[in-house]
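4 protein chains.
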Amino acid sequence: MINSSNRITDLVIEAHEIFINSSEAKEQAQENKTPPGVILENLGDEDVKITRVRITSPTGEAAIGKPMGNYITLEVPRLREDDTQINEKTIDYMSKELISLLQLKDNSTILVIGLGNWNVTPDALGPKVISNLMVTKHLLEYVPEHVDKGVRPVCAVSPGVLGITGIETGEIVKGIVDRVKPDVLIAIDALAARSMERVSTTIQIADTGIAPGGGVGNKRMEISKSTVGMPVIAIGVPTVVDAATLTNDAIDLVIDSMIKEAPEGTDFYNMLKNLDRDQKYSLLKESLNPFVGHLIVTPKEIDDIINRVSKVVANGLNMALHQGISLKDVDNYIN
Amino acid sequence: MINSSNRITDLVIEAHEIFINSSEAKEQAQENKTPPGVILENLGDEDVKITRVRITSPTGEAAIGKPMGNYITLEVPRLREDDTQINEKTIDYMSKELISLLQLKDNSTILVIGLGNWNVTPDALGPKVISNLMVTKHLLEYVPEHVDKGVRPVCAVSPGVLGITGIETGEIVKGIVDRVKPDVLIAIDALAARSMERVSTTIQIADTGIAPGGGVGNKRMEISKSTVGMPVIAIGVPTVVDAATLTNDAIDLVIDSMIKEAPEGTDFYNMLKNLDRDQKYSLLKESLNPFVGHLIVTPKEIDDIINRVSKVVANGLNMALHQGISLKDVDNYIN
Amino acid sequence: MINSSNRITDLVIEAHEIFINSSEAKEQAQENKTPPGVILENLGDEDVKITRVRITSPTGEAAIGKPMGNYITLEVPRLREDDTQINEKTIDYMSKELISLLQLKDNSTILVIGLGNWNVTPDALGPKVISNLMVTKHLLEYVPEHVDKGVRPVCAVSPGVLGITGIETGEIVKGIVDRVKPDVLIAIDALAARSMERVSTTIQIADTGIAPGGGVGNKRMEISKSTVGMPVIAIGVPTVVDAATLTNDAIDLVIDSMIKEAPEGTDFYNMLKNLDRDQKYSLLKESLNPFVGHLIVTPKEIDDIINRVSKVVANGLNMALHQGISLKDVDNYIN
Amino acid sequence: MINSSNRITDLVIEAHEIFINSSEAKEQAQENKTPPGVILENLGDEDVKITRVRITSPTGEAAIGKPMGNYITLEVPRLREDDTQINEKTIDYMSKELISLLQLKDNSTILVIGLGNWNVTPDALGPKVISNLMVTKHLLEYVPEHVDKGVRPVCAVSPGVLGITGIETGEIVKGIVDRVKPDVLIAIDALAARSMERVSTTIQIADTGIAPGGGVGNKRMEISKSTVGMPVIAIGVPTVVDAATLTNDAIDLVIDSMIKEAPEGTDFYNMLKNLDRDQKYSLLKESLNPFVGHLIVTPKEIDDIINRVSKVVANGLNMALHQGISLKDVDNYIN
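Protein sequences appear in the order of chains A, B, C and D.
Basically the working numbering = 1-based index in the first sequence + 9.
Basically the working numbering = 1-based index in the second sequence + 9.
Basically the working numbering = 1-based index in the third sequence + 9.
Basically the working numbering = 1-based index in the fourth sequence + 9.
Chain A extracted, bound-state conformation (with noise of 0.2 Å):
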């Protein structure tokens, strides 16, 4: 569910980017700059490039702001061009990195949770990923004779969102994981990024859980191991940029080159340093008056984009959730 307005970003890489441009970061004068209790690990290749992040101490946890855990970040910045050869390409790398991640067995029984308002196109990837998945549970239980070898019992639900059902969304999904427990939950949700270069290029897969509306209410049920006792994986990828983000990073980048030119220690350079801090948000504020925090800034193509996204999403799970199935397989499970 897209709602950035309360946080900075929901990406780990821009997360880790932020720190290292960070005064912090810089005070420490580190080679290589990533923080202690991070490991970082990049693989792939020009198209697709792959940055394993991992958080394993309370201080790498407070560095990033992220919860420890495992994040896989694929970078594919030919994603939004609908080149065969490249969502391919994408599928491959993230089934790979899925399978093993999930270190399912034979017969694990995978609960997918399309998180979202299907109203609302940028926030429509998870429920549309939802309708490209194989889903397999009822055919293996009733038809079985009719499933390929290697498919394994899928479900999957677009669970909506608290405007549009009342409840809260944890609630439903706690509610039938409760009744058909299964031995992982994987939730799909668009996220919200800090650059547009991100917007739907980018697919983060981590294990660290969900909090599906996060900051809605003060009620928010979070879904991980901890709380409802089988792994939970995350599949975001970034379909907007909120425009007061975009805007205050624009403004920050004007600032900074005029701080750069101005003589340092004068008046001047002091109040450009100090601008940042009091008067660009409130002005910022008034531009945009008065939809803050509900504006976002999309490509025009958005519907279009979507569509296909979530296809390249949809499909590497389904080559990650099924052994010995090809793509020329999925159409016969799709309906």
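I should point out that these hints are in silico values taken from the structure, not numbers from a laboratory.
The model shown is predicted, which means the values in this text are computed figures rather than measured ones.
Mixed in with the good hints there might be a few duds.
[Unchecked claim] With a straight-line cut-off of 25 Å between C-alpha atoms, the simulated BS3-like cross-links for lysine-lysine are:
| no. | chain 1 | residue 1 | chain 2 | residue 2 |
| --- | --- | --- | --- | --- |
| 1 | C | 234 | D | 183 |
| 2 | D | 190 | D | 234 |
| 3 | C | 234 | A | 337 |
| 4 | D | 320 | C | 183 |
[Stated by the list, open to error] Distance windows between CB atoms, simulated:
| no. | chain 1 | residue 1 | chain 2 | residue 2 | range |
| --- | --- | --- | --- | --- | --- |
| 5 | C | 159 | B | 151 | 55 to 61 Å |
| 6 | C | 190 | D | 152 | 31 to 37 Å |
| 7 | A | 192 | B | 338 | 55 to 61 Å |
| 8 | A | 236 | B | 151 | 20 to 26 Å |
| 9 | D | 152 | B | 235 | 53 to 59 Å |
| 10 | B | 97 | D | 30 | 40 to 46 Å |
| 11 | A | 51 | B | 337 | 58 to 64 Å |
| 12 | B | 332 | A | 236 | 17 to 23 Å |
| 13 | A | 236 | B | 97 | 54 to 60 Å |
| 14 | D | 333 | C | 234 | 44 to 50 Å |
| 15 | B | 332 | D | 42 | 30 to 36 Å |
| 16 | C | 101 | A | 87 | 27 to 33 Å |
| 17 | D | 152 | C | 265 | 48 to 54 Å |
| 18 | A | 154 | B | 109 | 25 to 31 Å |
Glycine is no exception: its CB is placed at the ideal position from the N, C-alpha and C atoms.
Following the hints, put chains B, C and D in place on chain A, whose structure we already have.
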């Protein structure tokens, strides 16, 4: 969920008619023909005909083929016309019947379930009613100051169907009920009728519970007061006639007319009498091959009709579930 | 546009079958029974049966009830299954038949018209084909450097139906043709079949022009070579059977079977013979009342089937209209 | 069609404000600042502010940057709230302005064109207005006895956009106009505004014609009285702000505020003055890279807002184009 193949009709008034026309009823040669254990009451007017059927004993249950309980049927032949006055009258009558059946307290929490498949036009009635419903539970929790007096906490979910989720719908509903613990559960569903005249002109309200996707497998999970511990109200609107039913009924009409003209006692008279049960179905299946059991008959304008009837049913609910709310206020709560 | 009430069938192969079974054909006692002025050719294989019908004279025209010209029918019983191999084979055969019929030049401009009502599921085939079509005319004009070699200028419009626009569809098409001046006009339309077996398994291609919305009023505007001055190809797929047709055919089956068993010459035999024409239709209408002429029979999964068949037809066109393009390239041109 | 990148604003009242704030206007130091050749008239009330701008000479045309003619703007800050009373007031004011501008005869035929791309949410306003419009021309021709007195012949088409059809939209419109020969042409389009405050709260009506997809290629075909021979009314509602415009305006606000505080004549003051034109845009583009020119800013609820505003605009038209029709009658004509 539309799944008419293995039941005669979803509508109690049709089941009652079938009994009236059956040999059993004729042999009893009763005055009013309504079987023992069944109480009939007619209300309404020429625009909205209301029939209250009460099945009070196992005898009545066996005669009609429906479980004991209250069944209210609104027949509105002009509901297809989208006439504002007829729609408002239907909403008014429907809400009054519901109010009297529900006996809500001021602070009763109501969970409304929209059954059916949103990807199949005539089966999408339930989910479409949900999207026109005043969902208020979260507003009363988080922004009570913005909610009109008399508004009750209503929440709503469209759980999908087995083919979409891979999970028995009854399991999903049970899971959510366990978390939300509503005082009343209301389930909306598209039905199959026996006669085209009833399609999209009839609303049936019953307090006997539901068995979502009845007949798909052998694990059907009934949702009723005895299984969930709270009153369960089912609201259904017929949106299709099964093609096999329609054709069969048409053939019966022709055969009945021939029987009338054949001299009683002749070989041919007997052949006609026997034909009904022997050959008709196999011939029928031949003509419908290869689609038997999946073919439906609908008005061509079904997409449009479903949209309009869904709004009427939703507003009947909106008027029944909240106090002091008028149709003009509804839009302020729908998003 | 689906409007079957006043014509026997849209399909030439069904019209030919009706002739074969008619008394006229039986009286002529011909060997192959195909009437004079009609040439039949069978091709294809067990998956895709191809029938080329050529009506060459007014005699043939009168026998079949369709105008002189070429009719190609692809029958693909497994087209409903969404099997990748069957789909690709159908696309391949369809494109080859079209290439041979169209005789395009390297720079021929093609205008494709998607007839039908996008708000009525089974009538939306034409508009859905358009949305899966490689539209290239503007690219060749503005960014020719980004267009693959062999791509021809294709443009496409879904003009809507009289009930949506208030304008005769033929008038809109004629207006656009006058401005675009294409070398070939191709019109896609949903058809009504007589037999459920043909629904969504049959593709008919004809070079005899179209009369959109035929029968709605008395002003129908034919679009054919003689009225617009360029070849007009019509591609149709049956998506429904008219409910009256289906029921009538089912009753005929039952009556035929009874006639076989009745002793010839008896009163009853004669009654059955007469019944067919006298009473059947009025009884039939009674059972379908009050919807006669608007009721359609479709598979329950029609929304899904229309989506899938539209893609096959669109790709048959994409492969036929451009040279050196493969199915993998198509996505780069669809938005 | 939303295509804001190469024009300052689609709204005349914003263009007028830009002139008022420009150096030219300030140098002239006029009392009311409205340039010669421009006549301004304010009407309406606190809910619906109406501004009539009349550009009467080439001088006015040059000052405002819009062609000579009449421009009526309705500003309704609460139009986003979906308040029934506000909506009805807007419909009432809008229809009265249209009636006075259109000067229709009793039997005038009106063709309404819904411009824009139905697949791109904020660009779908035009097509959505069409689907809420009373289309009556065919009813008056075929079933005049079912049409209320005072209803004029209205027909309507959504011609799509160049990227969907491959044809210049102006060509399609011209082709249809040539066949239908309406007395008045009305075109509906989504616009880009400069300020978020105007998005989905402002309706602009102009009698100066349209240039659909202006700027896409070099062949734009203007549709105006001089090219089609009948009055052409354009109705537009801003649905987005271009992201580059928004960010640029936000930065200007910050810089203006710094200029105010910098001592005039100092180097820094001069640097700020120059910065505006030199570096800002390139920095800005860097931050928006790689999406410059395609990024839009919208309220997150844009899907919902477009649906609601489309209904208001359509009903403003319905009330203006027909006599003696009330809002309650409209539903009888919409399908």
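Hint-by-hint comparison with the structure:
1. C/234 with D/183: At roughly 23 Å apart (the allowed maximum being 25 Å), residue 183 of chain D and residue 234 of chain C satisfy the hint.
2. D/190 with D/234: Satisfied, since the Cα-Cα distance of roughly 13 Å is no more than 25 Å.
3. C/234 with A/337: With a Cα-Cα distance of about 42 Å, the restraint between residue 234 of chain C and residue 337 of chain A is violated, given a limit of 25 Å.
4. D/320 with C/183: violated (31 Å)
5. C/159 with B/151: 55 to 61 Å: For residue 151 of chain B against residue 159 of chain C, whose Cβ atoms are near 60 Å apart, the range 55 to 61 Å holds.
6. C/190 with D/152: 31 to 37 Å: Between residue 190 of chain C and residue 152 of chain D, where Cβ atoms are some 36 Å apart, the hint holds.
7. A/192 with B/338: 55 to 61 Å: Check failed, 47 Å falls outside 55 to 61 Å.
8. A/236 with B/151: 20 to 26 Å: holds (22 Å)
9. D/152 with B/235: 53 to 59 Å: Cβ of residue 152 of chain D to Cβ of residue 235 of chain B: about 55 Å, so the range 53 to 59 Å holds.
10. B/97 with D/30: 40 to 46 Å: violated (51 Å)
11. A/51 with B/337: 58 to 64 Å: 60 Å Cβ-Cβ, so the 58 to 64 Å window holds.
12. B/332 with A/236: 17 to 23 Å: violated (37 Å)
13. A/236 with B/97: 54 to 60 Å: violated (47 Å)
14. D/333 with C/234: 44 to 50 Å: holds (47 Å)
15. B/332 with D/42: 30 to 36 Å: Violated: the Cβ-Cβ distance is about 55 Å, outside 30 to 36 Å.
16. C/101 with A/87: 27 to 33 Å: holds (30 Å)
17. D/152 with C/265: 48 to 54 Å: violated (40 Å)
18. A/154 with B/109: 25 to 31 Å: Violated, since residue 154 of chain A and residue 109 of chain B (Cβ atoms, about 51 Å apart) do not stay within the stated range.
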